[in-house]
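Chemist: Take the given structure of chain A and dock chain B with the ligands to it, following the hints.
This is what each chain is made of:
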Amino acid sequence: MLDPEQIFTRADSAWLNEGPDGDVVISTRIRLARNLADLPFPSRASDEELEQALVRLKSASEYLPEAKRYRLLEMGRLSPLEHQVLIEKHLVSREHVQNPKKRALVLRDDEAVSIMINEEDHERLQVLLPGLNLDQAWQLANRLDDSLERRLEYAFDDELGFLTCCPTNLGSGLRASVMLHLPALVLSKQANQVLGTLAQFGLVIRGLYGEGTQALGNFFQVSNQLTLNRSEEDLIHNLHALTSQVIDQERAARGRLYEELGDRLPDMVWRAYGILTNARLLSGGEAMQLLSNVRLGVNLNLLPPIKLAKLNRLLVITQPGFIQRVAGGSLQSSERDRKRASLVKEQLLTKNNHSEVE
Amino acid sequence: MLCESCNKNPATVFVRRTVNGVTTEAHLCEECAKERSEWNIVVGPTLSFPDFSLGNLFASLLEQHPASAGVSIGGGMEPCSGCGLTYADFRQQGRLGCARCYTTFREPLQPLIRRLQGDVQHVGKVPRRHKGRARLRHNLDALRRRLKEAIAREAFEEAAQLRDQIKLAEDKLKEGQQ
Ligand SMILES: [Zn+2]
Ligand SMILES: [Zn+2]
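Protein chains in written order, with the numbering used here: chain A, 1 to 358; chain B, 1001 to 1178.
Looking at chain B on its own, in the form it has when it is part of the complex:
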């Protein structure tokens, strides 16, 4: 609804005045309402603000996604073996179909998730069943850091030992995945 006075801005204020027993009402924009301080505000200004929704944000990210440059990404990809979703379905709906979709479409999804969420490393709560794995992962990260340091200060013997430990930890982590 447009302001009844200027017919330009959206009406956000509802005002009323009574003169000699005759009541007049009007829907006005804030500027026009201000100019008529003799009117009484019945309904104060309501705020309109750009409608921000995560859904919209996500849709626009999907559009900018590299795949829109051609059919290359996802075009030659098999549908998800868990739920039958194709990558084209995902691009259209913005929704995944099952947990396995995240493995099936991992490659094209990674940059998208990165843009959406900033980075791709969960640091929150871990289900009990995964807690052992989370600890392994944590250890692995620490070992890799130590390896870097060892190489930096040219402690090659220590680095070799660390490499062995890292290999072991990686194998253990892989086992768990099966």
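Looking at chain A on its own, in the form it has when it is part of the complex:
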């Protein structure tokens, strides 16, 4: 059984491990939006109706395969810092904690499966795996969806497919996305063009923390825009094919980087490493960009080998909510920067890969 304390103080979600094509792809996400047929969507539902949806989804989740691995967290019982940690771990959306009443999360012990209850839709099932892993993520999501559907009647229409609160999710209700690290495409100024091409093929590009966030640290989220008129397999294969091309382009750009930048390249990644292992104050934005440079240096064998999983974990460990929750309460921003600097240093200088931060 999952100890709730560990969710908020440990950065060891499955997606933080190194997965297939881990030099470019951090993680893969599949999300399915579903609604109960006979209740208003959460935004129009009374407290009583929200409670009904919550009860039904909770009891359906008790019959999921390996049900013992899941735990239900009520958003109303968590602190604002804990909400923030869940967002930073990509387990809930910002919207899900804005009005926490009757909102819940069903979470598997490895944090690879999470089900938001009463977000914009009654149910948002998410599978989050490390590296480029679209087929496996879809298979798991599909199986869990089958299991839940046996006990729930979903809102469905022959033409419109699964009915969702927002028409941008109609049909399959499926959003598949991959998190990419593209430092060489950015440094060689090809990123805009490469990502622009993806947009022409029906993909959406965003920053690390979803809509409206900047592409901090050269991390990009790429996902399908359309959800109707295409089978889940088609949507996924389209994303997979285009992602593979971007991976090739990023690797090729990495190969040419030394030619383009000369000594400035090793200098840049060693400086990043030097600052991260020596700084006494580190802001979130600076940490993110320096970690991006170190990651590039490790992938180009310019830096001593650091496990990519450790660098992935640092992406979560350096987030403001996580730092404060581990510290046991809210901190001034200067205090946070001090704490962040010491956490990063400690992680980078310890040889083993254990991720406990306390």
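It is worth saying that the hints were derived from the structure and are not from the lab. Glycine residues also receive a C-beta, built at the ideal position from the N, C-alpha and C atoms. There could be a bad hint or two in this list.
[What the hints assert, rightly or not] To spell it out: a stretch of chain B is covered by chain A in this simulated footprint if at least three of its residues, at any positions, have a beta carbon under 8 angstroms from a beta carbon of chain A; those stretches are:
id, stretch
1, 1081 to 1090
2, 1113 to 1124
[What the hints assert, rightly or not] Straight-line distance between alpha carbons at most 30 angstroms, and here's what the computed DSBU-like set of lysine-lysine pairs gives:
id, chain 1, residue 1, chain 2, residue 2
3, A, 189, A, 310
4, A, 189, B, 1034
5, A, 339, A, 351
6, A, 339, A, 307
7, A, 58, B, 1131
8, B, 1008, A, 189
Modeler: Quick look at chain B with the ligands alone, frame taken from chain A:
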């Protein structure tokens, strides 16, 4: 933050240099940073790209939607009997209130969904409860295609038979909807 050198472009690179033990730092745009190769890059260029969000795309579609030409669409429409949402609410929020909204507002929604999603025919996963219906629908589509072909080659007897079968299939599909 603007580039400290040209004061025109956004600063995307953080550079630093040390001369005779004195360290100077600057936030520069990429062009200016390039001109100063003697400076060391501390934080490489961050990319800014137009913030694309589905929400924004959808909002702009809603604005272009025919109803903005007048109050005609949705103006005389009853609110949804499932959740009380009016069409004006939907236009304002871009969100539906319940499954029945899609039936209530089907007509004004159709062109909008078409523009958003390209077409209006779900081909993905079907819930178990709907699988029988999906098969019926599939058969119906096949029958209609065959009818077209039969008419094209003037096989009227066959066409008449097909029409009967189509009628049967349609009735069956309607029954299921009740
Ligand atoms: Zn400049
Ligand atoms: Zn409604």
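Chemist: So, for every hint listed, does it hold in this structure?
Modeler: Against the structure, the hints:
{"no.": "1", "hint": "1081 to 1090", "result": "holds (count 4)"}
{"no.": "2", "hint": "1113 to 1124", "result": "holds (count 10)"}
{"no.": "3", "hint": "A:189 to A:310", "result": "28 angstroms, holds"}
{"no.": "4", "hint": "A:189 to B:1034", "result": "13 angstroms, holds"}
{"no.": "5", "hint": "A:339 to A:351", "result": "20 angstroms, holds"}
{"no.": "6", "hint": "A:339 to A:307", "result": "22 angstroms, holds"}
{"no.": "7", "hint": "A:58 to B:1131", "result": "25 angstroms, holds"}
{"no.": "8", "hint": "B:1008 to A:189", "result": "19 angstroms, holds"}
When held up to the earlier numbered hints, the structure conflicts with none and fits them all.
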